[in-house]
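Working from the sequences, and respecting the hints, build out all of it.
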Amino acid sequence: MVTTKVALCDWFLFMVSYPRTQPLTNTQKFTQWSALIAYCLGGASLLLCPQLWKFLLQLSFEGRTEGYLRLVGLGVFIIGFILVISARSNNQVPRHGVILGSIPSRLIGVNGIILMMVLRGYIPLSFALVFMVIDTSLPLTTLVLLRRETEESSSGISCRNICAEMVVIFFVGVFQLFFWLVFLIRPDIAYDILQLDEFNGHSAGFLASAFFTLSIHGWYHIANACTVNRPAVPAAFFYRVFISVPVLVILVLVDQIERNLFLALMSLDICFSIMILLFLAFGQSPTTSAMFMRVPIIISNWFKFMLSIPRTEPMTKTERFTQWSCLLAYVIGGASFLFAPQLWAFILQLDLQDRSEGYLRLAGLGVIEIGLILMIAARSNRKMSPHQECLTSVVGRLLFVDSILVMMILRNMLPLSFALFFMVLDSSLALITLVIWCRESNRASIGSFFVEVSTPVLQPRRPLTATSTLVIFLLGIVQLLFWLILVVRPDLAQQMFHLELFQGYSGGYLASYLFLISVHGLYHVVGASNVNHCLSPAFISYRILINLPAFVLLFLVDQIEKNVFVVLISLDVFYSVVIAIPVWQERRFQGKVIEMKLD
1 MVTTKVALCD WFLFMVSYPR TQPLTNTQKF TQWSALIAYC LGGASLLLCP QLWKFLLQLS
61 FEGRTEGYLR LVGLGVFIIG FILVISARSN NQVPRHGVIL GSIPSRLIGV NGIILMMVLR
121 GYIPLSFALV FMVIDTSLPL TTLVLLRRET EESSSGISCR NICAEMVVIF FVGVFQLFFW
181 LVFLIRPDIA YDILQLDEFN GHSAGFLASA FFTLSIHGWY HIANACTVNR PAVPAAFFYR
241 VFISVPVLVI LVLVDQIERN LFLALMSLDI CFSIMILLFL AFGQSPTTSA MFMRVPIIIS
301 NWFKFMLSIP RTEPMTKTER FTQWSCLLAY VIGGASFLFA PQLWAFILQL DLQDRSEGYL
361 RLAGLGVIEI GLILMIAARS NRKMSPHQEC LTSVVGRLLF VDSILVMMIL RNMLPLSFAL
421 FFMVLDSSLA LITLVIWCRE SNRASIGSFF VEVSTPVLQP RRPLTATSTL VIFLLGIVQL
481 LFWLILVVRP DLAQQMFHLE LFQGYSGGYL ASYLFLISVH GLYHVVGASN VNHCLSPAFI
541 SYRILINLPA FVLLFLVDQI EKNVFVVLIS LDVFYSVVIA IPVWQERRFQ GKVIEMKLD
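Quick note on UniProt numbering: the sequence shown kicks off at 1 and runs consecutively.
Derived from the structure by calculation, the hints contain no laboratory data.
Treat the hints with caution; some may be incorrect.
Taking lysine to any residue pairs in the SDA-like style, the calculated list, with each CA pair at most 25 Å apart, reads [said to hold, decoys possible]:
1) Lys29 / Tyr18
2) Lys562 / Ile134
3) Lys54 / Val249
4) Lys54 / Met132
5) Lys29 / Ile134
6) Lys29 / Gly121
7) Lys29 / Pro19
Quick caveat, the model's predicted, so the values are computed rather than measured.
Here it is, written out as structure tokens:
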């Protein structure tokens, strides 16, 4: 944990360029403090106190106007954050590149767009004038300071500095710039695509203003990429994960923004964050163009490492059976529950009332992920005990799973046919795995079985102190116990998440999925104790590539409630980020060790 704190501290200090390797110029100092005061503090006041600005500017809040104004405040705050990071950077070339880029963008771009919105009647004149005054006075002051401390400064040189490395375009910035610019010019397109509430008063204009701030973020992505400003890369990840995502979650929970708008903004932020995180994890400070050329290689290496391709040694019979049985029974079987719950309702004679179908789909999703975890654990080249996960699954399925299912039957939480199906499936696969292991092992006994299961957990070994495995071990314990409590008491989940009243077996199906999440936590603990490094990317991948798209789709088609969606997606994003950071640090350390050996 000390290593994790040091890594996070180093990451943050690099982002804010502390300590400075050279003093800030007057232009950089002015940009830093003006952005902090005008944009960060001003944006925070719009986000947290829109009623204050309503009083000062005599605004009228109708419909979703207040929520959209909060989004504008969030966007302005992030613009200030980006400018502060850019001004402080030790690494950009030329030194004032991003600052120079902000001058014409604010004087011409921002003021031009705001003027267009005023003429179209999108936003009140008083609101527009505040931003036009700020975005005119600050860049002009910046330009005066720059001319005084730079002998060769001129408009021509400034333009050449801005365009010097424009060949290196940061793709995320280009996409974000033009994508949101379309919605800014035609907010009715956003209204149709996202199926938003009907616009009242100036709500369309404030929403367009929020889109405009997002477009400006894209411009600063491009400017920072062109000046090779490396601290801007972790900053782009930081503001999305630690500022945008939590604020968006709060705004949708208090009904300040629509569900579909939240989904669109949240999905894009998560998507961009994943792209940036992949480059942070696998890139060795390449140029932007080289990074994009490496994307297929990065993804390919990620999956090859996770799936242990190629194998360094042949799999045992126990590992092979675990791999194929999990693929057929859990991955394919779980997919059938996810995509065709009505088929299982017919086969098992289930009565799917109210939210039962959506929760049954969630249970199928959880079964798929258990199958993937066990498959990857069985195939892994990088683990201490070859059979620990396989044999732990025997105990888990025969005792843990079956006992919980019996409890749920006795409490009338699940239909007997549904519970018996999984009890028979888990028991038969577990017993077959045990028989194969006994035949394959020279000294098979009850004692040797429990020794192989428990030794990696109980015996202190140096690899367990690796940051990523320790983090996964602790997160797994929390996940195991937290969701298990809600399995035993689903009424607590109903109260905590403000869910609809359970009808039929819907509460039991939800408890089944929560139990599957708890089992995922168990395999986090087991995989970490066995120092199974192939599971580290697996725990990130299944959350990002499977869970998040599935949750979004189930939410959009009204199969799960808003609060269930928000809780599940927030926890998955949090877990993915917490696991990814130590994985990234370990890969960077390994890369440096390899470079030292080569030297």
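Hints, one by one, checked against the model:
| no. | hint | in the structure |
| --- | --- | --- |
| 1 | Lys29 / Tyr18 | holds (14 Å) |
| 2 | Lys562 / Ile134 | violated (39 Å) |
| 3 | Lys54 / Val249 | holds (24 Å) |
| 4 | Lys54 / Met132 | holds (18 Å) |
| 5 | Lys29 / Ile134 | holds (17 Å) |
| 6 | Lys29 / Gly121 | violated (37 Å) |
| 7 | Lys29 / Pro19 | holds (15 Å) |
In this structure, the hints that do not hold are numbers 2 and 6, in rising order.
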